[in-house]
Amino acid sequence: MDWHITEALSMATADYAIGEHNLAPAEYEIVRQVVLTTGDIDYKNLLQFSDQALQVGASAIASRIPIVVDSLAIHAVTSFAISQTFANLTVCAGLVSPMTQSRKDPIAAGLYQLAQEYPEAIYVIGGFESALVELLSLVEKEAVSPSFVIACPACLVTGNDLKQRLVQTGIPHIRSEGVKGNSAVASAVLTGLVELAWQAYGEIPQI
1377 MDWHITEALS MATADYAIGE HNLAPAEYEI VRQVVLTTGD IDYKNLLQFS DQALQVGASA
1437 IASRIPIVVD SLAIHAVTSF AISQTFANLT VCAGLVSPMT QSRKDPIAAG LYQLAQEYPE
1497 AIYVIGGFES ALVELLSLVE KEAVSPSFVI ACPACLVTGN DLKQRLVQTG IPHIRSEGVK
1557 GNSAVASAVL TGLVELAWQA YGEIPQI
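Residue numbers for the sequence shown follow my numbering, beginning at 1377 and rising by one.
It is worth saying that the hints were derived from the structure and are not from the lab. Each residue gets a CB set at the ideal place from its N, CA and C atoms; glycine is no exception. Where hints are given, some of them may not hold.
[Unchecked claim] Derived Cβ-Cβ restraints for the label pairs, each shown as a range:
(1) S1473 <-> Q1540: 31 to 39 angstroms
(2) D1418 <-> Q1492: 30 to 38 angstroms
(3) P1482 <-> Y1577: 32 to 40 angstroms
Produce the entire structure from the sequences given, and follow the hints as far as they go.
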């Protein structure tokens, strides 16, 4: 692939900033993508992978399992990459009209409704702490069984306790440890995972 000089320099700068690490090569690609997107070197240590996370996540994407995202920002950023590869159905909690009788906030209500339709989806949470609260509540009630989860919201209310609840579920996932996170982080993780899946499972173009 031909890189623009700015992109090449950015990647070299990110590599230098990350420095020594114990990440597997595929994990490193995801971490570097997040650092490039956010400019925040802290994600070298904050991004955490469950056992076999990349293998499970890439396989789920390649199997064209639907993807549920919590924010319009994630939906907008990742739609192109998904449409150009496996074309998974991608739906957004922020685009669902909440039930008028619901006391949930609109994003949590939207995620709840989508979970009824896609209980085994890939869930990508980055914009709203409440969406992860809702998803974990459904998991703990055994109302849904996600194929994979990307959980990178800022958790200013619940702190790291919420993300530790995700760890305890045993669901394969990638998460941002601690209170840090946002839609840009989740988008970068999903985009990087789609690229890895396409390298592993995608069709090779005919020349």
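Open item on the list: Check the structure against each numbered hint from earlier and tell me which ones fail, lowest number first.
Closed with: none
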